[in-house]
Amino acid sequence: MIEVLTTGAANSVQDLGRNGRFDIGVSRSGAMDRLSLMIGNALLGNDLNAAGLEIAIFPFRLRFDQPARFAVTGAEGAVTLAGRPLPARWAASAAEGETLVIAPPDKGARVYITFAGGIDVEPVLGSRATDLKSGYGGLEGRGLKRGDRLNVTPKPYMRAFGAALDPFAALDFANPLPVRVVPAAEHSVFSADARKLFSRWAWRVTQEADRMGYRLEGPELKLERRLELMSHGILPGTVQVPPSGKPIIQLADANTCGGYPKIATIIEADLWIVGQAGPDSRFLFTEVTPDEANAALRKQRHEIDALARTVEVARSLAG
Amino acid sequence: MTLDEIERAVALAKSRGLAELECAIGQGGRLKVIVNRPHKPVAPATAVALPVKAKNAIRTRYFGVFADTVPPVRSGDRVSEHQVVGFLELGEIRFAIEAEKAGRVSAKPVKPGDLVGYGETVFEYE
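Protein chains in written order, with our numbering: chain A, 1 to 319; chain B, 1001 to 1126.
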């Protein structure tokens, strides 16, 4: 068991999400930065879809009531186990009674804590992800609170090691973050100026930014002609433009349908960057083709698979 | 097969001046250790030239590509006991190089990206 000592209600149990149920109105949920969750799981030899903790409110503290193996990935900052600092993207063993402390990060917005063997909560509709909007999945369908106890698998001590794979190395949060998009269904209905602005403006994330979506601040994006749209399916990554002309990025807990025109969709391989960008971060959208988007995702999955394979070898050496 | 057993095999190969050692392990497995011998005998020369520094050195327990911490530990920095002073990267994973005791770094003979061997000195300190 682990016990939560300090937390905020926006911290939750997440896996890769509830996929394939958009047709019955079930949002994907899952980690906002799926890449970091997968790196955390790969470091432990877990199924990449195993549930971990998504930490967005800091400081976060938990105590291990038993020896366990865990990894901390995602946003980078001060992380200590029993007072000893841990490097970034690190898998380590905790002894019974030790406390893990995650301070507010210096780089990024969300930290992931994964555990060897995953977190044992009941799957709902095939996933352990918490849907905070609808109130199911994860731990009783809610965010974490002090005193919560979660079941993790006891694991003996093993030498610590980390991931060389460092997605954060290329990101400078002080500057606009490059995010790749593919044009969405109504892209061509936007004015030429709006389309140009969309890919040239450094869009700022407003305070209205949570697991459902981010509202962006920037110039007004105008349509070429008036549009009457029926409600249609939307996905995490869909960029809609409501009548205000200010784009909204739909994210993990977003509704499954909506009626605003869609200018673009953020590619899956870059969606983790959005999940790591807090209010006041800026995005620079670059248009790519669907083929380039698929190639970027394949490259990313290949890197995670390579990490998982190396970890298998390391575990046999470090065990 | 544990890491300590591999370390013992490497030490054995080195102490007997063997370039290569191969043995049967576990259920039908085989371990092959190849000791890359430098053209000149670097290790004994270091030991003779720097007999005092040698015992205050941080040596690697693996082979791999050296990587700095963030921020990097530099010559002149103070390090505390068990502080992570660098990493050794083996493909997609990295192991920590820790200071065994507190002190001040006097030399750092490696730079990021250098391939370092087993038992090599990566930091000297006082």
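Just to be clear, a hint being listed does not mean it is correct.
[As the list claims (entries may be wrong)] Quick list of in silico lysine to aspartate or glutamate cross-link-like pairs, DMTMM-like style, CA-CA up to 25 Å:
#1 A:Lys-155 - B:Glu-1005
#2 B:Lys-1111 - A:Glu-220
#3 A:Lys-107 - B:Glu-1089
#4 B:Lys-1111 - A:Glu-76
#5 A:Lys-107 - A:Glu-228
Don't read these hints as lab results, they were simulated from the structure.
Here is what the structure says about each hint:
Among the hinted pairs, A:Lys-155 with B:Glu-1005 is consistent with the structure: their alpha-carbon atoms are about 22 Å apart, no more than 25 Å. At most 25 Å may separate the alpha-carbon atoms for a hinted pair to count; B:Lys-1111 and A:Glu-220 exceed this at roughly 49 Å. For the hint linking A:Lys-107 to B:Glu-1089, the alpha-carbon distance of about 22 Å falls within 25 Å, and the restraint holds. Restraint check for B:Lys-1111 and A:Glu-76: the C-alpha separation of about 23 Å stays at or below 25 Å, so the hint holds.
A hinted pair counts as satisfied when its Cα atoms are at most 25 Å apart, and A:Lys-107 with A:Glu-228 does not qualify at roughly 41 Å.
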